[in-house]
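Please build the complete structure, drawing on both the sequences and the hints.
Take a look at the letters that make up each chain.
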Amino acid sequence: MRAVVSRLLGTALVVLAVVSLTFVLVRSLPGTPFQDGKDVDPAVRANILRAYDLDAPLGEQYVRYLGDVFLRFDLGPSFSYRDYDVTEILAESLPVSLLLGGCAMAVALVVGLGAGALAARRRGQWTDTLVMTLASVGAAVPNFVLAGVLVLVFVFGAHLLPVAGLSTPAHLVLPSLALGLPYAASIARLFRTGLLEVLGEDWIRTARAKGLSPTAVLVRHAARPALLPVVSFLGPALAGVLSGSLVIERVFAVPGMGSHFVESAFAADYNLALGVILVYTLLVSAANLAVDVAYGLLDPRIGADA
Amino acid sequence: MVLLGALLLVAGAVRLLKRSTFPRADFVFCNQTEVASLDPHRATSIPDGRIVGALFEGLTRLDPCTLEALPGQADHWTVSDDGLTWRFHVRDDARWTDGSPVTADDFAASFRRLLHPATAARHAALLASVVGARAYTSADPSDMPPDDSLGIAALPDDVLEMRLVEPVPYLPSLLAYQAFAPVPLDVVRRWGSAWTDAEHIVGNGPFVLVERRLRDRIRLARNERYWDAAHVRLASIDALAANGATTQLNLLLTGDADWIVKPPPALYEALRARPEWRSGGQLGVTFLRFCTTHAPFDDARVRRALLLALDRESLARDVMRGGEIASTSYVPHGLAGYDPAPLEAADPERARALLAEAGFPGGRGFPPFELLHPHNDATRDLCAAITAMWREQLGLSQVTIASQEFGTYIDSTSTLKYDVAWSSWIGDWLDPSTFLLVFAGESGNNRTGWRDATYDALLDESARQLDPAARLAVLRRAEERLLDALPIAPLHQRANVNLVAPRVDGFCDNMLDLHPLRDLAVREPPP
Numbered sequence: 000m001r002a003v004v005s006r007l008l009g010t011a012l013v014v015l016a017v018v019s020l021t022f023v024l025v026r027s028l029p030g031t032p033f034q035d036g037k038d039v040d041p042a043v044r045a046n047i048l049r050a051y052d053l054d055a056p057l058g059e060q061y062v063r064y065l066g067d068v069f070l071r072f073d074l075g076p077s078f079s080y081r082d083y084d085v086t087e088i089l090a091e092s093l094p095v096s097l098l099l100g101g102c103a104m105a106v107a108l109v110v111g112l113g114a115g116a117l118a119a120r121r122r123g124q125w126t127d128t129l130v131m132t133l134a135s136v137g138a139a140v141p142n143f144v145l146a147g148v149l150v151l152v153f154v155f156g157a158h159l160l161p162v163a164g165l166s167t168p169a170h171l172v173l174p175s176l177a178l179g180l181p182y183a184a185s186i187a188r189l190f191r192t193g194l195l196e197v198l199g200e201d202w203i204r205t206a207r208a209k210g211l212s213p214t215a216v217l218v219r220h221a222a223r224p225a226l227l228p229v230v231s232f233l234g235p236a237l238a239g240v241l242s243g244s245l246v247i248e249r250v251f252a253v254p255g256m257g258s259h260f261v262e263s264a265f266a267a268d269y270n271l272a273l274g275v276i277l278v279y280t281l282l283v284s285a286a287n288l289a290v291d292v293a294y295g296l297l298d299p300r301i302g303a304d305a
Numbered sequence: 000m001v002l003l004g005a006l007l008l009v010a011g012a013v014r015l016l017k018r019s020t021f022p023r024a025d026f027v028f029c030n031q032t033e034v035a036s037l038d039p040h041r042a043t044s045i046p047d048g049r050i051v052g053a054l055f056e057g058l059t060r061l062d063p064c065t066l067e068a069l070p071g072q073a074d075h076w077t078v079s080d081d082g083l084t085w086r087f088h089v090r091d092d093a094r095w096t097d098g099s100p101v102t103a104d105d106f107a108a109s110f111r112r113l114l115h116p117a118t119a120a121r122h123a124a125l126l127a128s129v130v131g132a133r134a135y136t137s138a139d140p141s142d143m144p145p146d147d148s149l150g151i152a153a154l155p156d157d158v159l160e161m162r163l164v165e166p167v168p169y170l171p172s173l174l175a176y177q178a179f180a181p182v183p184l185d186v187v188r189r190w191g192s193a194w195t196d197a198e199h200i201v202g203n204g205p206f207v208l209v210e211r212r213l214r215d216r217i218r219l220a221r222n223e224r225y226w227d228a229a230h231v232r233l234a235s236i237d238a239l240a241a242n243g244a245t246t247q248l249n250l251l252l253t254g255d256a257d258w259i260v261k262p263p264p265a266l267y268e269a270l271r272a273r274p275e276w277r278s279g280g281q282l283g284v285t286f287l288r289f290c291t292t293h294a295p296f297d298d299a300r301v302r303r304a305l306l307l308a309l310d311r312e313s314l315a316r317d318v319m320r321g322g323e324i325a326s327t328s329y330v331p332h333g334l335a336g337y338d339p340a341p342l343e344a345a346d347p348e349r350a351r352a353l354l355a356e357a358g359f360p361g362g363r364g365f366p367p368f369e370l371l372h373p374h375n376d377a378t379r380d381l382c383a384a385i386t387a388m389w390r391e392q393l394g395l396s397q398v399t400i401a402s403q404e405f406g407t408y409i410d411s412t413s414t415l416k417y418d419v420a421w422s423s424w425i426g427d428w429l430d431p432s433t434f435l436l437v438f439a440g441e442s443g444n445n446r447t448g449w450r451d452a453t454y455d456a457l458l459d460e461s462a463r464q465l466d467p468a469a470r471l472a473v474l475r476r477a478e479e480r481l482l483d484a485l486p487i488a489p490l491h492q493r494a495n496v497n498l499v500a501p502r503v504d505g506f507c508d509n510m511l512d513l514h515p516l517r518d519l520a521v522r523e524p525p526p
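Just so you know, the sequences run in chain order H and A. According to numbering that gives the first Met the number 0, numbering within the first sequence proceeds without interruption in unit steps and concludes at 305. According to numbering that gives the first Met the number 0, numbering within the second sequence proceeds without interruption in unit steps and concludes at 526.
Just so you know, not all the hints are guaranteed correct.
Below 25 Å or equal to it, Euclidean Cα-Cα: the simulated DMTMM-like pairs (lysine to aspartate or glutamate) are [stated by the list, open to error]:
#, chain 1, residue 1, chain 2, residue 2
1, A, K416, A, D376
2, A, K416, A, D380
3, H, K37, A, D418
4, A, K261, H, D35
5, H, K37, A, D455
6, A, K261, H, E262
7, H, K37, H, D52
8, A, K416, A, D298
9, A, K416, H, D40
10, A, K261, A, D25
Part of the chain H face toward chain A, derived, beta carbon under 8 Å [stated by the list, open to error]:
#, residue
11, P29
12, V39
13, V43
14, N46
15, R81
16, D82
17, I88
18, S92
19, R249
20, A252
Please keep in mind that the hints were generated in silico from the structure rather than gathered at the bench. It should be emphasised that the depicted structure is a prediction, and the values quoted were computed from it without experimental measurement. All C-beta atoms, glycine included, are put in the ideal place defined by N, C-alpha and C.
Below is the structure:
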């Protein structure tokens, strides 16, 4: 418990540091907000800067921003979606990102663990070779290439699934596969390695000697300790799925948060960029914390004070 | 971990399912991106205009086939002999979607809001020719000049009067622009910046907003209260925010969208033969800017040599491939009453002679220089072809290509930190001045360092000219002056490329790439 509290305090410091650094970084980017390539009348430009508090000295903007965010939970107006506050944008796009990320993680876990277990069970046979070859390819192929292949096969080839958008559950299938399968490949390799390591242990031989079938040994005795490397991979994987979804969101026109992550920086939409980074910081911290807690649950030796 | 994941999944799914699903709209199009705003005074881009133009209507509107100004909320208008006072008569049957009449007062108040500094409207400057407008927009918001200092007044019988400081013969077509739509000020005051939400918004255009899902879609339905509803043929429309060029193409190919703008240029060859392909000249020009403040580009002979060495026909036909038209002038052809000044045809021989005359025979001694462009694949290909022509025709092997992110590129050109830069300008109104004012000495869009007293004097003279034909003649002299000095090298008139499903009716190609949704129709039910 104490460990969790100190981790939470640490997270608060990390958030403050990330927000401050981002505040300075986005403002030092080349390009200015509301720039579309055409110069505007100086009076009009001054009015726009005033309307968005961008005419104040940097220090004053910073103090005001911190006050708005941490005391009033107000992330300010977006510069690029002018009918929305950043909070409204995040409220619309975060659930979509979480849904897509959750489905992608489910794909990664189900496919990855299944394939890893199969390969370990058939170690050295052609199934093992096939699964591991596919996993190596899968981990190396970028998700946008995979997305293109999936569209070709399932949309233009088999006419099975919708091509883009997000209005029915069927729309989720292709983006989840494209986003999740590369992680499934890594998980399969980690789980296979973990299982093979565990399967060489004495207590597994004991289990087998009791007359348990190889599958039962695998599922009941070997799986839990073999999951440890997979779990430590899940933290970064979850972060990657959430923040790396921008290409997939673009390809499948999914209105999630990933696109805001990059586009807000290009559009010099300071408030939106800061808001998105703040949310990602919180998500990644939460994911890492959850991984640490899960570690303790899986391996009693690690204990709660890890 | 599993629990957390499951929770997030459920939360997301509930949120998603709570949103109603619609049957496919009569007409679905890809609007290229999410709109910046539905507030006519805050909207800026072409995608914004497609939606704002469906929800609101100004005093006039444009015929998509001829680009002629047609009656909109005003059924007729008059102009005084000196061209300085315009009177627009608001039609009797103009209604807001809440049923109340649209009045001349609504327009006067909306134009004041557009000009007000607190509105911070990007397009306020478009009304700069109105009496008192400049002072009003640049005033301190806490110390505003009185409303009657503005040359905008609602007269009895629903007449809106606009008094100008200089003639603007294209005012009726300018007023068709999205920024000049009226806004329902009582609604704006009641809801603040949330007034454009689907549950609050009140408009006066041919369509109403049914739902807006950020970065997903905007659903529109026909406005039965619109004065010309009988001629609006689409009952429902979806504007998709999908912004990937390939994604938009996929949506068209699967029949999920009926119209997309600008498919990926790399696929032009394959797409050109399809029945959906539509392309035509745009009110826009692509050109090279020269940084005229440093050697050797301060020498007009060098600039002319670089222009004449380029085979503009081949660049448009073989490199751009979207229907671009090689420049024979700077101002594009097609503006009513204006005959653009001629630009010299390519002449590599003469280009070599000019370069030798400037002290660089065969390109020898020419300092290394960069051709700068904003990062984009199609632009990079064009720049590669240009530099290849310079190497081959002029022996300028020392040229390299530099690419910068758009904001950085704007900074570099604005501060004159470049040698030669790919550039482009899209006109804002249907008059040559929208192109020629760019290179006025004081213009923030000039970005070449070129400043010419005669050119500026010609622009001033054109603004004072009361006779429309004489005014265009003066503007032509300005263009001749520009093409004589050549701070720029025009390359081609830009092209609009649209892919439109054959079931769509009423789609006209025009220079503004303007396709009002009220004029579109579909011939058969969706696939």
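Report the numbers of all earlier hints that the structure fails to satisfy, in ascending order. none
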